[in-house]
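Novice: Below are the chains, spelled out letter by letter.
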Amino acid sequence: MIRNRWSQVMLNEVRNRLRDHTLLIVAIVAPVIFATITSFAFASFNQSQPVHLAITDRSSDPGQDSLLRAIAADPQVRKVAVVDIVSSPSAARARIISGSADAGLILPAGASLGAGGIPLVAGAAEVLESQQKPIGAAVAEAVLQTIGGEEWLNHVVLASLSGTAADPSTTLRTFTPHNPITLTDVQASSRSLNAATYYGSSMAIVFLLFSVMPAAKSLWGERQNNTLQRLLSSGVSRWAIVAGKAVAAQVTGMLSMLSVWAVTVLAFHADWGSPGAVVLLIAATVAAAVAISFAIASLVRTEESLDGLVAVATFVLVLIGGNFVPPADLPGGLRLAGLFTPNGWALRGFLDLATASGAISTIALPLLALLGFTAGIWLFTATRMRALVTP
Amino acid sequence: MESVLTATGLVKSYGKVRAVDGIDLAVYPKEVYGLLGPNGSGKTTTLSMLAGILRPDSGQVRVAGIPVTHSAARARLGLVPQEIALYPQMTAAENLAFFGRMQGMTGKTLRTRVDEVLEIVDLTARAKQRVERFSSGMKRRVNIAVALVHSPDLLIMDEPTVGVDPQSRNAILDQVNALAAAGTAVIFASHYMEEVQRLCNRIAIIDAGKILATGTVRELLSDSPSRTRIVLTVAAGEEERLHSLVQDLPGDAEVQGSGQELHLLASKPAELLTPLLRAAEAAGVLLQGVQLIQPSLEDVFLELTGKALRE
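These protein sequence lines are chains A and B, in that order.
Taking the numbering used here, the leading residue of the first sequence gets 1, the next gets one more, and so forth.
Taking the numbering used here, the leading residue of the second sequence gets 1, the next gets one more, and so forth.
Hints listed in this document are in silico derivations from the structure and should not be mistaken for laboratory results.
There may be inaccurate statements among the hints.
[To be verified] Below, in silico cross-link-like pairs of lysine to any residue (SDA-like), each with a Cα-Cα straight-line distance of 20 Å or less:
1. B:Lys128 to A:Leu11
2. B:Lys128 to A:Leu18
3. A:Lys217 to B:Gln60
4. B:Lys108 to A:Gln8
5. B:Lys128 to A:Arg15
6. A:Lys217 to B:Lys30
7. B:Lys30 to B:Asn177
8. B:Lys128 to A:Arg19
9. B:Lys210 to B:Lys108
10. B:Lys128 to A:Asp20
11. B:Lys108 to A:Asn4
Chain A on its own, in the form it takes in the complex:
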């Protein structure tokens, strides 16, 4: 029975947290509210608004618009764009300026659809780009690429345009075949990352850090109640006390993250990847956060100092780890620094899991990194155990 003292401490901790409702609030209520708000906030990121294209040609004959109509009716184009055939390049420009179109596509005079659906084009196509909506021009270029194929592209890119449009809000530029966007089908082996998944997991880590990092405060509760000295006098080791409290924090933290996961999946159709891998990654992430909590607690003498240091550490970790700004958008130095944060690795793991095959093997490296962080931090805490658990 002596061996199970840590579990008694853990059960006592859980019971007391249940009794004062903190477990319910931290593990269920707060994460559900948090996940719901976050998912609603970022839901618009998922709704891909179609790009509005104004297309025309330089032909003066409105009856010769077979190619324009073919583009407008093309199923692949319609997946990403709403195409309006307008009477002239100036009409296309006017549409862009008024905001009713995101970009313009101007085919050369005489462009038409030949026998067998082959585009007949002599001259260069032009793309009118709105500086406010550069994605529109990219889609217009991709449309050209998709409709025409390589053979047609050769026809299209025959000439270059000179100068820019007079209106500062639109730019006329040459279509080039080296377009970064292609309207090809996504391969079956890979999955796209939706915003609910990205922000769900990212914000879940943030929430976890804020909710679990103060876990070691319960040691101050024991001090405040004077129960710590009673526990120590009854022969309970310092490790057993810390282990019991750490496991209780692990349970709370996991419930908290699992709640966020459940809400984003069930209510907002987020796809975090294989459930087994997600649970494993959540467990490793929470373990690292709990370890940090107790390590910080071993460095301070008062509860106020703990609160201050935990807040600072949490903000630094969140910023460096890429939880507020996606790692890809961070400067190189910060991206590198993110590799030294457990939450950075956790985020990487969740993103890998969501975008790749979803298998556990996908997250092997992040898992190893998180376990390494956890072990290293606990080793440090072990050297400060007497300071950490002193009445």
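Position chain B relative to chain A; hints supplied.
Specialist: Frame of chain A, contents of chain B only:
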């Protein structure tokens, strides 16, 4: 008789301050051993080392011959801290059961013992109430009960009656007496002289981290240079005659005070009283009152430390 607890050469310093400075003591079964000293004298630090919570800089503590650092030793002692050491959101029974489990107790043995201890502290009717709703006196009783749940051989009590109403204080002191009578050795630290005098078989007077004197109350008083105080009271107008009368008394009595009440401090009061009464009768001085005040532990403490006990 073999001691339940022995401490030898205990020293503990905090920075340059030596809180405990070479304390030796031994406590035996059925004995209530008092640690009497003012606040800040080193009592709590000493008790923390005796309970195995605090590691001494030097010296050692053994409980039933086992170093107190071993869990087997700590299983044989119960600690009643100076402050209430309970989980306020848990009931009295839950607190007892939790700390019982911490001592390795389980199942029916634990449940039975919890009931017994609640009975001892007269809280059976309140067993299922949360401690946070208890009065201060009731909390004190649960605080003691928790230390008893595993039937320890040694009970270490640090100022267990601080902030308690007189009724609860009496109940607590009676419980301590009953425990000692049942065979438990008790270390009872207090700065209340009357409690220590009432309860303890032996007393150690502690100040500045050192034991200044130790023994039974009788031993401490007889070994003390403190003198008996004889208080003489006369009617108005008799003051001068009383003063001249006491000046002529034999012995080394010291005269204090003035007016209608005079104090004589005498190391051998019996030898002084007879000549005093005869002289008063002969001089026609009508004594309205003669009161003998034996030296108290307070006086002994004052003699030993030069300061009052409640400083």
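Novice: Against each hint, give a clear statement of whether it holds in the structure.
Specialist: The hints, checked one at a time:
{"no.": "1", "hint": "B:Lys128 to A:Leu11", "in the structure": "holds, 19 Å"}
{"no.": "2", "hint": "B:Lys128 to A:Leu18", "in the structure": "holds, 17 Å"}
{"no.": "3", "hint": "A:Lys217 to B:Gln60", "in the structure": "violated, 33 Å"}
{"no.": "4", "hint": "B:Lys108 to A:Gln8", "in the structure": "holds, 17 Å"}
{"no.": "5", "hint": "B:Lys128 to A:Arg15", "in the structure": "holds, 15 Å"}
{"no.": "6", "hint": "A:Lys217 to B:Lys30", "in the structure": "violated, 41 Å"}
{"no.": "7", "hint": "B:Lys30 to B:Asn177", "in the structure": "holds, 9 Å"}
{"no.": "8", "hint": "B:Lys128 to A:Arg19", "in the structure": "holds, 14 Å"}
{"no.": "9", "hint": "B:Lys210 to B:Lys108", "in the structure": "violated, 45 Å"}
{"no.": "10", "hint": "B:Lys128 to A:Asp20", "in the structure": "holds, 17 Å"}
{"no.": "11", "hint": "B:Lys108 to A:Asn4", "in the structure": "holds, 18 Å"}
When the structure is compared with the earlier hints, violations turn up for hints 3, 6 and 9 and for no others.
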